[in-house]
Amino acid sequence: MQGSWWKEEKDLKDEQKAVINLAPKGKYLVLGPPGSGKTNLLLLRLKWLAVAGKKNVLFLTLGRSLAEFIKTGIGAKKIIDAGQVKTYRRWAYDLAAENRPGLLKNIPKDYDESRAYFSEHLEQITSKLPNGYYDAIVIDEVQDLNGSELKVIERLSPSVMVAGDARQSIYAGQGVSAAEQLGFDCKELQFHYRIGKAICSLADIVYPPDTGNPTLLQRCQYDEKLPSTADPVECKDIHEQCAKLVENVRVQLKSYPGDSVGVLIPSFKNGTLDTVRAALEGSEFANLVEYHGGDGREFPEGKRVFVLTCHSAKGMEFRAVNLIAAEKMAQGPLSKRTLQFTTVTRAKTSLLVYYTGRLPASMATAFSEEEVPDFDSIF
858 MQGSWWKEEK
868 DLKDEQKAVI
878 NLAPKGKYLV
888 LGPPGSGKTN
898 LLLLRLKWLA
908 VAGKKNVLFL
918 TLGRSLAEFI
928 KTGIGAKKII
938 DAGQVKTYRR
948 WAYDLAAENR
958 PGLLKNIPKD
968 YDESRAYFSE
978 HLEQITSKLP
988 NGYYDAIVID
998 EVQDLNGSEL
1008 KVIERLSPSV
1018 MVAGDARQSI
1028 YAGQGVSAAE
1038 QLGFDCKELQ
1048 FHYRIGKAIC
1058 SLADIVYPPD
1068 TGNPTLLQRC
1078 QYDEKLPSTA
1088 DPVECKDIHE
1098 QCAKLVENVR
1108 VQLKSYPGDS
1118 VGVLIPSFKN
1128 GTLDTVRAAL
1138 EGSEFANLVE
1148 YHGGDGREFP
1158 EGKRVFVLTC
1168 HSAKGMEFRA
1178 VNLIAAEKMA
1188 QGPLSKRTLQ
1198 FTTVTRAKTS
1208 LLVYYTGRLP
1218 ASMATAFSEE
1228 EVPDFDSIF
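Residues 858 to 1236 in our numbering are what the sequence shown spells out, letter by letter.
Be aware that a few hints might be false.
As the list claims (entries may be wrong) - Pairs of lysine-lysine, PhoX-like flavour, derived with a Cα cap of 25 Å:
(1) K928 <-> K864
(2) K911 <-> K928
(3) K912 <-> K985
(4) K867 <-> K1044
(5) K870 <-> K884
(6) K928 <-> K884
Simulated from the structure, these hints should not be mistaken for lab results.
Construct all of the structure, not just a fragment, from the sequences and the given hints.
Right, dumping it as structure tokens:
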């Protein structure tokens, strides 16, 4: 996972180069589908500004796993430092510690409550700080920030670039509309380059684009030299799911040498993670597996299989994705179609969806083959 994702200028398309080369001062909103390179463009934008002498820069995102993933893209030149990549919560904590340390005594334990707490108090703190507090700020997955959070951040620099995709909004954020209301200059990426056509077709059924907008498949520029696949894996129980998972990961590691494999779980609760861990730790590739949970969110050298929740995988990519216990996404908070869309589009080439019982309705439709039924089949 280590090293910059795009190593040469020839890897960039004209619409991507145009984003990096926008005027240094300005507020920009970059929209694009999954796989269009938004995260990488933000990182290259900061590097471009740093080379131009703007060293006091900040890269913000919401999730810890994504923050660690972004750090792997900094590359050998280390033009920006890993410490300049932070989650919103870490940044808010550090800013409070520097300016009003007394606030740290009363931080709510609940995640949503703590976000609201910081947002309220940072409004007061940042109103007294200069607009040049940072030379430049970029924010990834901006759709998951709320308006007050974005307003607090954007006032701290004359150069702000945020990127996102409303179809991937899995929290109660309004960051895209907030950026538009704040007058950000919108730049839209038309194409994506990393998601195979079979996965695009599935994702477009799971969560279709708004009327009049192109589908993910229509925007696809993926090179099908590695043919893409998306398949359901029906099992009698979670133990059979895990047994088949081990078999398939074994094949994926051999089929995609050097590439990473994702094992995504809707929730680590109710013992699902323990069952998955037991199966993977009993395999011959156990030493290649890294689990993201608690304090562990890194991408160490030598690891190739990463076990994450669907929420934590947001913004990341894997050559092959294995979605375990997909039936848990059929109802409740996990049933959001934005979450299902975000989860399946983490896969570049291979997607396997393991389930017991029933899949979420939109996902079940996506895996079904169309046919004209006769009347006897419905009675």
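Open item on the list: What's the verdict on K870 and K884, does the C-alpha distance respect the 25 Å limit or exceed it?
Closed with: Distance ~22 Å between K870 and K884 Cα, so the pair holds.
- [ ] For the pair supplied as a hint, K912 and K985, confirm whether the alpha-carbon distance does not exceed 25 Å.
- [x] holds (22 Å)
Open item on the list: For a C-alpha distance cap of 25 Å, please report whether K911 and K928 respect it.
Closed with: Judged against 25 Å, a Cα distance of about 19 Å means the pair holds.
Open item on the list: K928 and K864 were given as a pair; does the straight-line alpha-carbon distance stay at or below 25 Å?
Closed with: Measuring from Cα to Cα gives roughly 15 Å; hence the hint holds.
Task: Straight-line alpha-carbon gap K928 to K884, limit 25 Å - done: Roughly 24 Å separates the two Cα atoms, so the pair holds.
- [ ] Below or equal to 25 Å on CA atoms is what counts here, so check K867 against K1044.
- [x] holds (21 Å)
In this structure, every one of the numbered hints holds.
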